[in-house]
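K.L.:
Knowing the structure of chain Y, use the given hints to seat chain P on it.
Sequence lines, in order, name chains Y and P. Here this note's numbering is used: the first residue of the first sequence is 10, the next is one more, and so on. Here this note's numbering is used: the first residue of the second sequence is 10, the next is one more, and so on.
Everything labelled a hint here was simulated from the structure, so no lab data went into it. There's no promise every hint is true.
25 Å max Cα-Cα, derived DSS-like pairs, lysine-lysine [as the list claims (entries may be wrong)]:
no., chain 1, residue 1, chain 2, residue 2
1, P, 216, Y, 32
2, P, 424, Y, 13
3, P, 366, Y, 292
4, Y, 13, Y, 32
5, P, 69, P, 132
6, Y, 366, P, 292
7, Y, 292, Y, 279
8, P, 279, Y, 366
9, Y, 13, P, 192
10, P, 155, P, 118
11, Y, 167, P, 167
12, P, 155, P, 132
13, P, 424, P, 279
14, Y, 216, P, 13
15, P, 118, P, 192
16, P, 69, Y, 216
17, P, 13, P, 32
18, Y, 16, Y, 32
19, Y, 216, P, 32
20, P, 16, Y, 424
21, Y, 132, Y, 69
22, P, 206, P, 216
23, P, 292, Y, 206
24, Y, 206, P, 92
25, P, 13, Y, 192
26, Y, 167, P, 206
27, P, 192, P, 216
28, P, 366, P, 424
29, P, 216, Y, 13
30, Y, 118, Y, 63
31, P, 92, P, 132
32, P, 29, Y, 366
33, P, 16, P, 32
34, Y, 16, P, 424
35, P, 13, Y, 424
36, P, 366, Y, 16
37, P, 366, Y, 279
38, Y, 310, P, 310
39, Y, 69, P, 216
40, P, 69, P, 29
There are 2 protein chains.
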Amino acid sequence: MEFKISKNLILELEQHIVNKNDKELEALLNDMHHADIAEILDELDFDEATYIFKVLDSDKTAEILLELEDDLRENILSRLSPKEIAEELDELDTNDAADIIAELSQDLKAEVISELNDVEHAKDIVDLLRYDENSAGGLMGKELVKVNENWNVLTCVKEMRIQAENVSRVHSIYVVDDENRLKGRLSLKDLLTTSTKTQISDIYIRKYNFVNVDTEDVEVARIMQRYDLEAIPVVDEMGRLVGRITIDDIIDVIRDEADQDYQLAAGISKDVEADDSILEHTKARLPWLVLALLGGFISVKVLGLFEGAMLEHGELFFFTPLIAAMAGNVGVQSSAIIVQGLANNTLTGSLFSRLMKEVSLSLLNGFILAIILFIGSHFLLDVEIVIGVIVTTALVSVIIIASLIGTFVPLLLDKFGIDPALATGPFITTSNDICGILIYFSIARIILGF
Amino acid sequence: MEFKISKNLILELEQHIVNKNDKELEALLNDMHHADIAEILDELDFDEATYIFKVLDSDKTAEILLELEDDLRENILSRLSPKEIAEELDELDTNDAADIIAELSQDLKAEVISELNDVEHAKDIVDLLRYDENSAGGLMGKELVKVNENWNVLTCVKEMRIQAENVSRVHSIYVVDDENRLKGRLSLKDLLTTSTKTQISDIYIRKYNFVNVDTEDVEVARIMQRYDLEAIPVVDEMGRLVGRITIDDIIDVIRDEADQDYQLAAGISKDVEADDSILEHTKARLPWLVLALLGGFISVKVLGLFEGAMLEHGELFFFTPLIAAMAGNVGVQSSAIIVQGLANNTLTGSLFSRLMKEVSLSLLNGFILAIILFIGSHFLLDVEIVIGVIVTTALVSVIIIASLIGTFVPLLLDKFGIDPALATGPFITTSNDICGILIYFSIARIILGF
Numbered sequence: 010m011e012f013k014i015s016k017n018l019i020l021e022l023e024q025h026i027v028n029k030n031d032k033e034l035e036a037l038l039n040d041m042h043h044a045d046i047a048e049i050l051d052e053l054d055f056d057e058a059t060y061i062f063k064v065l066d067s068d069k070t071a072e073i074l075l076e077l078e079d080d081l082r083e084n085i086l087s088r089l090s091p092k093e094i095a096e097e098l099d100e101l102d103t104n105d106a107a108d109i110i111a112e113l114s115q116d117l118k119a120e121v122i123s124e125l126n127d128v129e130h131a132k133d134i135v136d137l138l139r140y141d142e143n144s145a146g147g148l149m150g151k152e153l154v155k156v157n158e159n160w161n162v163l164t165c166v167k168e169m170r171i172q173a174e175n176v177s178r179v180h181s182i183y184v185v186d187d188e189n190r191l192k193g194r195l196s197l198k199d200l201l202t203t204s205t206k207t208q209i210s211d212i213y214i215r216k217y218n219f220v221n222v223d224t225e226d227v228e229v230a231r232i233m234q235r236y237d238l239e240a241i242p243v244v245d246e247m248g249r250l251v252g253r254i255t256i257d258d259i260i261d262v263i264r265d266e267a268d269q270d271y272q273l274a275a276g277i278s279k280d281v282e283a284d285d286s287i288l289e290h291t292k293a294r295l296p297w298l299v300l301a302l303l304g305g306f307i308s309v310k311v312l313g314l315f316e317g318a319m320l321e322h323g324e325l326f327f328f329t330p331l332i333a334a335m336a337g338n339v340g341v342q343s344s345a346i347i348v349q350g351l352a353n354n355t356l357t358g359s360l361f362s363r364l365m366k367e368v369s370l371s372l373l374n375g376f377i378l379a380i381i382l383f384i385g386s387h388f389l390l391d392v393e394i395v396i397g398v399i400v401t402t403a404l405v406s407v408i409i410i411a412s413l414i415g416t417f418v419p420l421l422l423d424k425f426g427i428d429p430a431l432a433t434g435p436f437i438t439t440s441n442d443i444c445g446i447l448i449y450f451s452i453a454r455i456i457l458g459f
Numbered sequence: 010m011e012f013k014i015s016k017n018l019i020l021e022l023e024q025h026i027v028n029k030n031d032k033e034l035e036a037l038l039n040d041m042h043h044a045d046i047a048e049i050l051d052e053l054d055f056d057e058a059t060y061i062f063k064v065l066d067s068d069k070t071a072e073i074l075l076e077l078e079d080d081l082r083e084n085i086l087s088r089l090s091p092k093e094i095a096e097e098l099d100e101l102d103t104n105d106a107a108d109i110i111a112e113l114s115q116d117l118k119a120e121v122i123s124e125l126n127d128v129e130h131a132k133d134i135v136d137l138l139r140y141d142e143n144s145a146g147g148l149m150g151k152e153l154v155k156v157n158e159n160w161n162v163l164t165c166v167k168e169m170r171i172q173a174e175n176v177s178r179v180h181s182i183y184v185v186d187d188e189n190r191l192k193g194r195l196s197l198k199d200l201l202t203t204s205t206k207t208q209i210s211d212i213y214i215r216k217y218n219f220v221n222v223d224t225e226d227v228e229v230a231r232i233m234q235r236y237d238l239e240a241i242p243v244v245d246e247m248g249r250l251v252g253r254i255t256i257d258d259i260i261d262v263i264r265d266e267a268d269q270d271y272q273l274a275a276g277i278s279k280d281v282e283a284d285d286s287i288l289e290h291t292k293a294r295l296p297w298l299v300l301a302l303l304g305g306f307i308s309v310k311v312l313g314l315f316e317g318a319m320l321e322h323g324e325l326f327f328f329t330p331l332i333a334a335m336a337g338n339v340g341v342q343s344s345a346i347i348v349q350g351l352a353n354n355t356l357t358g359s360l361f362s363r364l365m366k367e368v369s370l371s372l373l374n375g376f377i378l379a380i381i382l383f384i385g386s387h388f389l390l391d392v393e394i395v396i397g398v399i400v401t402t403a404l405v406s407v408i409i410i411a412s413l414i415g416t417f418v419p420l421l422l423d424k425f426g427i428d429p430a431l432a433t434g435p436f437i438t439t440s441n442d443i444c445g446i447l448i449y450f451s452i453a454r455i456i457l458g459f
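Next comes chain Y alone, as it looks inside the complex (with noise of 0.2 Å):
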């Protein structure tokens, strides 16, 4: 049922595009999802897909416009007066209008907002323009459902139906008082349930859930996700209704959270996707490359301390990429554990009892490792006995070693308030290959004594 676009039909939009047949643009156009033609835009180039878009009408194009890649919304968005912008905007909910009003220049925006046809919908705008993105504020929209709790059911339907031609998804009813304060909601399903007669007062379920304006993105998110809800009210500072966040928006923070825990584990510090410039993947990579190579010039100083093994014992420097790998997969896998344990919330008991799983952990996984690496290092890297024991111990301690600092650092860095997702990746790599190297050497200059 999933939606995939033909390149026969790319070829004759193209065409159409060529001898300028909107008419056949907008039949061929016209019944499918605003998702799937902003894809199909998103594989044009940038004329041509501004074109369809100034072709199609603005209820089309507005739910368009949220849906396209950054790059091709903000050029098709250079290439319209305030006023063509301000009629895109006047057929969007408020919170996705004030985002694509976000992204405006200071100028353009108030131009835009002075176009605003409809003088309600731009106060609403404009009033969450001022909240922070990443708080309820920013995600919050203005449409929602509230009827007063001195009304009856019956003023109470006729109300609903008319704020309800504002509203895509009611979802919930909220109930206020004379002053717009939140006092409860109203189930849908309560409504279609009860008898017109009753009371709003008497029916209303006083028990409800809410965030403030300022709480954090990812809270709200958590909040949603625990009580299992598909909307919550967000009030001010007095307690007032102002504004109300769909689980649609909340999904979208739960991905780009996970998405970031991914890619700092990954190594990549700025929120970038493949079709992003060279320039900006530059910026979100190259910190963590440097911190690398920094790291880098430490372990080249650690082997520098023990050259006088060379001599004698080369071999031992065969082994140095094996262990700074071994420490650093061990490394990354304990931080994982946790940095995912903290997300979700499923972290339980001590700090101490949590080191020492890790560490029994690791000696149970030491240990079959080192039946292995001791095998093969005499049967298949033919290195002498010694070397073999020197190896097989080292891996053991590195194994401790790196499972513990995957553990604790990402518990540290939480406690004081720092992501701990920075943990993964290449920070605890490459701390975990000096380290890891280190143990080794000293462990061989101990039992050879160079």
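P.N.:
The following block gives chain P in isolation, referenced to the frame of chain Y:
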């Protein structure tokens, strides 16, 4: 607004358990959300948790059961009779009940099902048990509101009120024909804003999204996100409406998928959580470590090929961990971008243009890193100029090759229907380690001629 468990609350509960103050326990917990109670039970030991579980009403405990950690749920279920388990399941939605039954042993399953009170409910649950848990059939619930296309709105509203009693969230009203084949939907909003005299066939929306019972769960998630759906109907092979999937179940799919990619990137091959047993962790972590160790064997062999350099150019060996680490880090970055692009469906353009982009990016990053390395090797590490030249040249080459491997491998895996996330983490770091070292020493051999 988020719930936090206090030490005092736990102590108070434990005291009441010791004294068998059931009334006090109920009073303390009855007003709490089931998700909060589940978190409290997870903090207690199994006996205490079971005690509280048995004190509370089954409408509450059923929901709590769903939220518990796996091992506690298993433990509590093992202490309940088939009849008691059936009482819990009678309170749950069909898909949640089916999930719990699926965890039971074959014998217990049959017993519990025979004890279910509501025969319709039991039939629905049994029906759900036959679907694969990673398919739309495995995700869907039987609870939904549907109306016949031949009814008028009045009959429809009456019927809906009855049906809505069993459905915790209505979302959409589905329209079917006399054979129960899905024909379209009525939106709740339309219902709120349309006169009750209208005929269903005149107002229902004939365009609608749906999935088949055997559609994969990640595919369902993609469709629901793309088209911004909060519920989607599920049809069988004959187009008959058999269930409905809601967005809250999809959030779990999205999170699990992101978590899994993250774990694969960290070299963890099975879905484990921090609190799983050491054996589970070993199963998940050891395979990748063994792979990395075998990769390490190869790197030892590769280094052995260049043993001849040791006497005169021993310093070269100090740089192997640096080169290997840079190759690994670059490879992981490149592959993470591709894996995420594939997961989010944001990759556009040809393979060739993508590889070209990676080469340009590597040249830019490589050039900057090369300058740092060259200066660093001269002033910080005190190596001869010629070693500096070799290491620097190797670094740039290694970065280019590593990024190409990192880009190409996940795309290749994806082409063959293998999860591209497998390519991140240990697999890519290990192969890039080996390639990096080989390239480095080959360059050294060409320049120094050992």
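K.L.:
Next, verify each hint and record whether it holds.
P.N.:
Against the structure, the hints:
Under the criterion of a C-alpha separation no larger than 25 Å, the hint pairing residue 216/P with residue 32/Y is consistent with the structure, at around 22 Å. Only pairs whose Cα atoms come within 25 Å are accepted, and residue 424/P paired with residue 13/Y is accepted, the gap being roughly 17 Å. For the hint pairing residue 366/P with residue 292/Y, the CA-to-CA distance comes to about 15 Å; that is within 25 Å, so the pair holds. Between residue 13/Y and residue 32/Y the alpha-carbon distance is near 23 Å, which keeps this suggested pair within the 25 Å criterion.
Restraint check for residue 69/P and residue 132/P: satisfied, since their Cα atoms lie roughly 23 Å apart, inside the 25 Å limit. For the given pair, residue 366/Y sits about 15 Å from residue 292/P by alpha-carbon distance, which is consistent with the 25 Å threshold. Simply put, residue 292/Y and residue 279/Y have alpha-carbon atoms about 8 Å apart, close enough for the 25 Å limit, and the pair holds. A C-alpha spacing of about 18 Å is found between residue 279/P and residue 366/Y, which places the hinted pair at or below 25 Å, so the restraint holds.
A distance of roughly 23 Å separates the Cα atoms of residue 13/Y and residue 192/P; the hinted pair therefore holds under the 25 Å criterion. Between residue 155/P and residue 118/P the CA atoms are separated by roughly 30 Å; this puts the pair beyond 25 Å, and the hint is violated. A threshold of 25 Å between alpha carbons decides the hint, and for residue 167/Y with residue 167/P the separation of about 19 Å falls inside it, so the pair holds. Between residue 155/P and residue 132/P the alpha-carbon distance is near 18 Å, which keeps this suggested pair within the 25 Å criterion.
For the suggested pair residue 424/P and residue 279/P, the alpha carbons sit about 23 Å apart, so the restraint of at most 25 Å is met. At most 25 Å may separate the alpha-carbon atoms for a hinted pair to count; residue 216/Y and residue 13/P meet this at roughly 18 Å. Simply put, residue 118/P and residue 192/P have alpha-carbon atoms about 36 Å apart, too far for the 25 Å limit, and the pair is violated. Distance hint between residue 69/P and residue 216/Y is fulfilled; the C-alpha atoms sit about 16 Å from each other, no more than 25 Å.
As the CA atoms of residue 13/P and residue 32/P are separated by approximately 23 Å, the hinted pair is consistent with the 25 Å bound. With a C-alpha separation of about 21 Å, the suggested pair residue 16/Y and residue 32/Y falls inside the 25 Å cut-off, and the hint holds. Taking the CA atoms of residue 216/Y and residue 32/P, the gap is about 22 Å. The hint holds against a cut of 25 Å. With a CA separation close to 19 Å, the supplied pair residue 16/P and residue 424/Y stays within the 25 Å bound.
In summary, the hint linking residue 132/Y to residue 69/Y is supported, as the alpha carbons are separated by about 23 Å, within the 25 Å threshold. Note on residue 206/P and residue 216/P: the hinted pairing holds, with a Cα-Cα distance of about 23 Å set against a maximum of 25 Å. Restraint check for residue 292/P and residue 206/Y: not satisfied, since their Cα atoms lie roughly 62 Å apart, outside the 25 Å limit. Taken as a hint, the residue 206/Y and residue 92/P pair is broken in the structure, with Cα atoms around 42 Å apart against an allowance of 25 Å.
Only pairs whose Cα atoms come within 25 Å are accepted, and residue 13/P paired with residue 192/Y is accepted, the gap being roughly 23 Å. Between residue 167/Y and residue 206/P the CA atoms are separated by roughly 17 Å; this keeps the pair inside 25 Å, and the hint holds. A distance of roughly 9 Å separates the Cα atoms of residue 192/P and residue 216/P; the hinted pair therefore holds under the 25 Å criterion. For a cut-off of 25 Å, the pair hint linking residue 366/P to residue 424/P stands: about 20 Å separates their Cα positions.
Distance hint between residue 216/P and residue 13/Y is fulfilled; the C-alpha atoms sit about 18 Å from each other, no more than 25 Å. In summary, the hint linking residue 118/Y to residue 63/Y is supported, as the alpha carbons are separated by about 21 Å, within the 25 Å threshold. Under the criterion of a C-alpha separation no larger than 25 Å, the hint pairing residue 92/P with residue 132/P is consistent with the structure, at around 17 Å. Of the supplied pair hints, the one linking residue 29/P and residue 366/Y is violated, its CA atoms being roughly 34 Å apart against a limit of 25 Å.
The hinted pair formed by residue 16/P and residue 32/P meets the criterion: a straight-line CA distance of about 21 Å does not exceed 25 Å. Restraint check: the Cα-Cα separation between residue 16/Y and residue 424/P comes to about 19 Å, which is no more than 25 Å; the hinted pair holds. A hinted pair counts as satisfied when its Cα atoms are at most 25 Å apart, and residue 13/P with residue 424/Y qualifies at roughly 17 Å. Pair hint residue 366/P plus residue 16/Y holds up; C-alpha atoms about 23 Å apart against a cutoff of 25 Å.
The suggested pairing of residue 366/P with residue 279/Y holds, with an alpha-carbon distance near 18 Å, which does not exceed 25 Å. Proposed proximity of residue 310/Y and residue 310/P is supported: the alpha carbons are some 24 Å apart, at most 25 Å. For a cut-off of 25 Å, the pair hint linking residue 69/Y to residue 216/P stands: about 16 Å separates their Cα positions. For the hint pairing residue 69/P with residue 29/P, the CA-to-CA distance comes to about 20 Å; that is within 25 Å, so the pair holds.
Consistency with the previously given hints fails for numbers 10, 15, 23, 24, 32, ordered from lowest to highest.
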